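Enquirer: Below are the chains, spelled out letter by letter.
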Amino acid sequence: MTERAFTLQQIAEQTGGQVDGDPQYRVTGLATLESAEAGQLSLYTGSRYLQQLVDSTAGAVLINAEERAQASCHAVIVDDPYAAYARLTHLFDRNSGLAAGIHPSAVIAESASVSETAQICANVVIGENSVIADDCYIGANTVVGERCQLGSGCRLHANVTLYNDVRLGERVIIHSSAVLGADGFGFAPWKESWFKIAQLGGVVVGDDVEIGACTTIDRGALDNTLIDNGVKLDNQIMVGHNVEIGEHSAIAACTGIAGSTRIGKHVRIAGGAGIAGHISIADHSYISGMAMVTGSVRKAGSYSSGTALEPTATWRRNVVRFRQLDSLAGRVKELEQKIKEIEGHS
Amino acid sequence: MTERAFTLQQIAEQTGGQVDGDPQYRVTGLATLESAEAGQLSLYTGSRYLQQLVDSTAGAVLINAEERAQASCHAVIVDDPYAAYARLTHLFDRNSGLAAGIHPSAVIAESASVSETAQICANVVIGENSVIADDCYIGANTVVGERCQLGSGCRLHANVTLYNDVRLGERVIIHSSAVLGADGFGFAPWKESWFKIAQLGGVVVGDDVEIGACTTIDRGALDNTLIDNGVKLDNQIMVGHNVEIGEHSAIAACTGIAGSTRIGKHVRIAGGAGIAGHISIADHSYISGMAMVTGSVRKAGSYSSGTALEPTATWRRNVVRFRQLDSLAGRVKELEQKIKEIEGHS
Amino acid sequence: MTERAFTLQQIAEQTGGQVDGDPQYRVTGLATLESAEAGQLSLYTGSRYLQQLVDSTAGAVLINAEERAQASCHAVIVDDPYAAYARLTHLFDRNSGLAAGIHPSAVIAESASVSETAQICANVVIGENSVIADDCYIGANTVVGERCQLGSGCRLHANVTLYNDVRLGERVIIHSSAVLGADGFGFAPWKESWFKIAQLGGVVVGDDVEIGACTTIDRGALDNTLIDNGVKLDNQIMVGHNVEIGEHSAIAACTGIAGSTRIGKHVRIAGGAGIAGHISIADHSYISGMAMVTGSVRKAGSYSSGTALEPTATWRRNVVRFRQLDSLAGRVKELEQKIKEIEGHS
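Going down the list, the protein sequences come from chains A, B and C.
Residues in the first sequence are numbered from -3 upward in steps of one, following this note's numbering.
Residues in the second sequence are numbered from -3 upward in steps of one, following this note's numbering.
Residues in the third sequence are numbered from -3 upward in steps of one, following this note's numbering.
Don't take each hint at face value.
Any copy, or any two copies together, can satisfy a pair, since identical chains are not distinguished.
Stated by the list, open to error - Mimicking DSS-like on lysine-lysine, the simulated pairs with C-alpha atoms at most 27 Å apart in a straight line are:
no.: 1; residue 1: Lys187; residue 2: Lys295
no.: 2; residue 1: Lys295; residue 2: Lys261
no.: 3; residue 1: Lys261; residue 2: Lys187
Honestly, the hints are just simulated from the structure, not real lab data.
Since this is a predicted model, take the numbers as computed values, not measurements.
Bound-form chain A, shown alone (with noise of 0.2 Å):
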């Protein structure tokens, strides 16, 4: 493997910033504070991290100008930090290379298109009448269904599965063992078992959508599932039927969100949360780690539920009264009316 390295010049080009030492100093990786060696450039994003700056054996970091003082090697100085490394890590990204083509281990219907300048690897299986648009990627194993569409620059890793109807705008980034379009959880109760309702709608995923490892997106029942442009789901994630996600929403790893809930645009959902179907989350808001959310949010702010971690054995107390929460709350009712008729008497 070759490495990559790019001169202090070259970074400030990139950043739109401004180098503080040698211009031509040779920057060979990314790194933190902690670990960045000579050559490897890292960055500071406030007093928090000031101890790691002074100790730190980096080449160069990068800094905005009132701290600039701070550090002791070579700088670029911009006006953010942590945007600035967030560009720079695509400079040395060994892993999003394209080399066009199909592997002849891949098996593409006939009635598929496939651009020239996508690359699908080996066991790669793309089923009828489904399009793969420039540039896109289809990593091993993974499997494409029927009457898909992939808009350009999407990145389909390893082992990930689109059923049919699956519809991805441009640069899409879905992660191994992902699933879209699994049929929703739909059923008729009937003679006291459940008959299946096939699931006739599709997926619909708009533009720089990223979606986790093991998130699954199911399809809708009459309607499509609706992921619009710039949503981030983490890994793990459950999407039910029909279910509408907002531009720029992001959602953390093991959230789960039932059937047909709209959440808003650039809303925030930290992880483990549980979302109820046929509810709708406010536009902004954000919902704190394993809350459960059982009806509409309808106002942007920050809610949460759940209780705080303590020690088991004082914890099985605190839940014992929990129980007793409302004849407690009766009780104190009670008390307080005995104290006024006992003030009143005296």
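On the provided structure of chain A, position chains B and C as indicated by the hints.
Expert: What follows is chains B and C alone, placed relative to chain A:
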């Protein structure tokens, strides 16, 4: 693709209903009241949707006799519109066909037996001594281990994994990235570390079971893990080793069931619940979303745990009080005694 | 299939025990006390199972010396029947064999190195510069990325995905649909949207680690995500980028660990727990099921959160009271002051 179309007369015959309108009216699809257009059939399930019915441009509607007058379009009169709709979805399902045969890229062990009426898709791998009965569909890149048995009409979607010794009844549906038969989580403590216990049981699944995407059902330690007839499991569910799930129970996404627990018949569990190991849940019970079940549920009923969503600012204060709850209860008791004393004096 | 059979004498030798009964008695399998038949060996782990022991039709039993009298069948006397049983399961495991060689359908990169004693199953894909050491098993349709290293004796089941730059120690077991090395969930806020941070670290796994089905371990942002020797991860676990899990910690299914958190050594975490990012959990701690851990655990001990299951009707009332808990505490305080005043007057 050819469009599927049915006359209202045909729809009525399929659903045991009666046409009120033009029996030759041609229906080309199903749709919700909100999105249905001319030529599409919708359903009306109750007064909650009355305004949608009034506003709908659907060509026809499934509706019961009492409500018929509310709809101005053609109608098929049925007793239970939702059940009728469930049945009709299968008429319009483009994703359920079967093209018998084995794709040349599939790798089938010599000793495996595959029915001539089964469809084995690209890159499927089937292990020694496994049996695939009539009318099974095995999706692309799915792996079936050794000594597995699939009853007739099973449908395994793409990228499913069956380990060795998994037995499925008839008409079992398994969605992508699901895993049946992985090792149960069994270790014996041994010199400050963990000694693996080989998992010698298998997984046995009854008829008409559906298993969602990324759901995992572990093999038994010695005996089998058992999923009985008609059970419906949503996505991302974890079923531990030696769990038994009784007939027609339905479990929503992201629920976890720890080892050796017995779920009764006709139990319904909402999403994200956690069920401890070595307990049992009574037939016909209902467990609400994200509930934590640490002991057996011996009597049918509806059970819940957790706290409700609230603004994070007030939640923080209440959470602190939860940890003082036992002490608060003690203080209330003390107050009650003091009041009693005061009342005694007066 | 040939049956595996061992004499009690052989069993005793394998477990360091002593036969009390016929040393030539032939054992053909292991079974629970409840299901064991003649010819099968069971285990007795304590008085909780006494009635099962008395009723058992097992041919022989693993039991300790003090309890021997309780059993009427042949016995192998051992100090720790459970540990002896753990060891014996491997004798009877039909699923652990190895047939060295590379299946012709596997796609192995030119620069990859695969030991002659490894078994590479059908449709496996191995990327450039990866190294597969002796006695590894790579199950069907599993994908190993570029620059991966597998130590000797690793066992990857079917449909596993290793991204680029994943390093495994020796004897690591990974179950199906698990994903190691997917991108961490890292984005910089940028003009009302999210700018992806390329994830440049890898995943490093120690020796004797087991990773469950559908478990995901993300690659590090800059440094690696680290799973130390002897760690056992159940199914459907999410390990965020740059997490470190210390030696011999065991984590049950459906637990999520957010980025950069450090789990100590010998930590046990029950199922469905949620661990926030950027915190640390002390060595030897125990976190109970579905616990929400939002801050560091600095002292070993048992920790919990959440509320207990109760009938939904009463739960609803208590949940309402939880949201009034801070105000209730205020009212109790007020009452205490009033009582004090009243007592002062009398």
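Enquirer: Next step is simple, just say for each hint if it's right about the structure.
Expert: Now the hints, each set against the structure:
1. Taking the closest pair of Cα atoms, Lys187 and Lys295 come within 27 Å of each other only across two copies (23 Å); inside a single copy the shortest separation is 42 Å, beyond that limit.
2. In this assembly of identical chains, the alpha carbons of Lys295 and Lys261 lie at most 27 Å apart only when taken from the same copy (13 Å versus 41 Å across copies).
3. For a Cα distance limit of 27 Å, the shortest separation of Lys261 from Lys187 across copies, 14 Å, qualifies, whereas the shortest one inside one copy, 42 Å, does not.
No hint from the list above goes unmet by this structure.
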